[in-house]
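Q: Below are the chains, spelled out letter by letter.
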Amino acid sequence: MPGAAGTALLLLIPSLIVVFGIVVYPLGRTLYTSFFDVNSPFPGHYPFLGLGNYRRTFTNPAFWAAIRRTAYFTMVSTWFELLLGILLALLLNARFHGRGILRAIVILPWALPTIVNGLMWRWIFNPEYGALNALLTQLHVISNYRSWLGSPFLALNMVIVADVWKTTPLAAFLLLAGLQTIPRELHEAARVDGAGAVRGFFRVTLPLLVPSILIILVVRTIEAFKVFDIIYIMTRGGPANGTQSIAYYAYIQAFSNQLFGYGSALAYVIALFILGFALIYMRLLRTEFAY
Amino acid sequence: MNGLDDLSRRDFLKLSAAGAGMASMGAILAACSNEAGQGTTTLNALFMQQAAYSNTDVQGMVDAFQKANPKIAVKPTFVAYESLHDKIVTAAPAGTYDVVLIDVIWPPEFATKNEIIDVTDKFPSNWTSEIFPGALQTAQYQDKFYGVPWILDTKYFFYNKDILKAAGVKSAPKTWDDVFAAAKQIKSKHIIQYPLIWSWAQAEAVICDYAQLLGAYGGQFLDSSGKPAFNTGGGLTALEIMKRSIDDGTTNPASAESLETDVVKIVSQGQAAMALNWTFMFSLANDPSQSQVAGNVVVAHTPSGPSGAAPGCNGSMALSIGSGSQHKDEAWKFIEFITSQDIQDQYAKLSLPIWKSSYDEPEVVNTLPEVVAVAKTQLNDMILRPQVPSYNEASAALQLEIQSALTGSKSPKQALDAAADAWGGLLQA
Amino acid sequence: MRTEGRPARRRKRRGKRAAYLVLLYAAAVLTAVIVLAPFAWLLISSVASPVDLLARPLKWIPSHISFDRYTSIFHAGTNDAAADFRSGMINSTIIASSSVAISMAVGIFGAYAFARIDFRFRRTSLLFFLSTYMLPPIAILIPLYLTMVRLHLLDTKIGLIVVYCSFITPFVLWILSGHFRTIPRDLEDAARIDGASRLGALFRVTLPLARSGLLATALFGFLLAWDEFLYALIFTSSAQAKTIPVAIAEFQGRFTVDFGLVAAGGILAAIPPLLIAFAFQRYIVSGLSSGAVKG
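Residue numbers (my numbering), protein chains in the order written: chain S, 1 to 291; chain V, 1001 to 1429; chain E, 2001 to 2295.
It is worth saying that the hints were derived from the structure and are not from the lab.
In this text the structure is predicted, and so the values were computed from the model without any measurement.
Don't be surprised by glycine CBs; every beta carbon is placed ideally from N, CA and C.
A portion of the hints provided could be inaccurate.
In silico contact screen, one side only, chain S against chain V (beta carbon under 7 Å); selected entries [unchecked claim]:
id: 1; residue: P41
id: 2; residue: H45
id: 3; residue: G238
id: 4; residue: F255
id: 5; residue: N257
With the hints as constraints, model all of the structure from the sequences given.
A: And the structure:
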């Protein structure tokens, strides 16, 4: 069909304009800026640094510390969301009274705006008036109120809790969607074979969920690596930079320190990291789709 | 099937039409708001939300100005303090704001990057003697004025007199030694678990508390040659004291994640006996509708160190003219108007005037007699955070290291040495 | 277990079944509690008195309930945080729905091309669109800001709509193209044999059948737009364009003491996305299953 490509292009032109019309120029401009020592937002002549900003990035311990924290945040939150998402999806797929209500309830965290979610958890984790301290002391789990966002590593984990609470439902819905495409006969066949529920899950269900799982891994990894909003609202990177993600670090460099050249280089490095992750996962995706 | 088909398509078209309609409505609105009446100038002014003067107060000042200057319209915008700096930076190339509110720590940065303009020529010479010197410093960088001070504030010492009395503390603490001794006494008598609360979260707040201790113990941020000096002497003592009071349980560990508002809450709940905070705490902690200890919270001069030094951290703010402003003269007129003694005296309830003589005016004194009495002396005794163009980076490095020491991952000396190293690089650049 | 009789085995199976059900309901209840408890606390915080909120030991049930904070948000003066909040709600509604409408309008054609037309680099170009999703917003923030200034789009709703469309559209292409592919091609072919054009077939046959996918996609897009924070933070500053996440973030400025007010604002900000998500609840899973998962 000779006209196919032409028709496709015609149909895609509006999307191309809406997406790349906005993105292309700034992307190029940021790349250009990343080669200069731009230290104010004004246009003008700035000293050319070549790859200086990139060198500065890779030799900066603060950058690597932020990358490590972001990688930890990404790994832990993504895998928790996946594991809890699988359990939740199995639950939502089981037959019981009130399943419809539970499905509706589970939507709530997902629809809650990130900023509101961050505020809510900050309030719950409040060291003096937070509901978490109140609950744990009233249940006699801890004897005294304690600080949850006051030490670096604990704070990072508490931000992960807030993130997992909000995003697990989306993972669960994607997996539920995957579960529903699995024909019931397959389960029944497995049962006839005498496989127990657990073995049946690992032998039959899990392999068929692989596409959903990979989508979750890719999407969540990309999002978690870009994490900004929830950090901004919950901890602003503290304490002792313990929750400073790489995107937040880049933001601070560009807007708070007015190092726009360095900030631009950082933005590109983040994008490269994400691209790397995504390529790895997509390779996996493609092999999965191949059969 | 056909019915559904039509319905969906119609719905879809409706939806698109609605979207397009809304979009064009937005365009019209946007166009309208940019237009001003014939012959009048519109000034855009950037203020912050929820501190010192309330938005209603600012609107009142704006209305008064417009009445006096019918040819100039002022459009105030309010953003959170946290986004104020970044907003000024991002808006600079566009010249969006004619007047911007700046914090005391920003003039070197904004001045060297040409984001605000030098107003030394417009600055009347008699102002330099009539305005508190601490306030003047807010708008000053290298002997030039980059704005007019507007909000004058420092951290005072607040204590709950009932708790001190219950613990048998005879006289109000005057020195830091008194403070920590009183704290130990309160703790040992089990009156409250943590007598002290601070705003030591990773933010500018921790630098303010630190600055005040550093000043009391005779330390300096920079020595006379401009090199970092806070890692020795008083600067080191200050951090060691902070760390010790966490270790001995007199300071609430929640301090490391608390900001000034958290301090207000904790004191208002009677869960802390003593704290440093800005002026606004006085009214809030003594407001019966929000505080359990209303009437018991006393404001005092900040405690002194061994040499008797007791400077308050200068937390003032000034109004500057954006370098991209097309209406610099009108902007100056507006700044002149709302920083004037008349206006400031009228609105003294939430923010004290920059003018020395106001503190003898009954109109001002009667609004908050307790605070004014202390302010009169404290405002003459303030410590300035270092005035360097890369202040934000320097401050972030110091915040990080102070927190590293407080959370125990480094000793105070190691932490401050590391911060001084970082500063060395920044100050050179 | 030869010696075991039939009734015994049945009893055992029944026991197993009962244990399974107990476990199932326990898991369901636990899930509901974990999901609802934090939100319930937000709700309680918004109506409890400040004294109750700060009490120790904490009072879970407030001594009296007051909706004062909600009324203060709706009735306070014209120039304060509450006013910004009110305009933020309106701005967010306009911006989110316009962005979704535009993204859907352009995305439907693109998605159709990806689903129905075999052309070279089909997969690659879809990935190309999706790759924009990997960019951290900070990568384009500064130059985009300067462009906005030049086009007089700074601090306008249109400015944000334009930006939001650029990240919602790739998403629409992805989900919808997967969805269109699940709709049998024969139906369209039949329509075209009857004389309908390609677009006619798209509008008459495919779109009506893809309703759940369209609704799910629109829902996702709406939530994306409603949730966006960083662009709005940098690009808007006045009540004419500031969106609700920015207004909420400012609600907890450094001198706000009453958390209840922040909670009330948070709940109001969550109502539109929650209502929409509940209303289109049943389309979420079906929309995803045919769109994203099979895509």
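Q: Determine for every hint whether it applies to the structure shown.
A: Comparing the hints with the structure gives:
The criterion of a C-beta within 7 Å of any C-beta in chain V is met by S/P41, whose closest approach is roughly 5 Å, and the hint holds. Because the closest C-beta pair between S/H45 and chain V is about 14 Å apart, greater than 7 Å, the hint is violated. Contact between S/G238 and chain V, as hinted, is supported at the beta carbon level, the nearest pair being about 3 Å apart and thus within 7 Å. Hint status for S/F255 relative to chain V: holds, with the closest Cβ pair at about 4 Å, below 7 Å.
Taking 7 Å as the C-beta cut-off, the interface hint given for S/N257 holds, the closest approach to chain V being about 5 Å.
Hint 2 alone, counting from the list given before, is not met by this structure.
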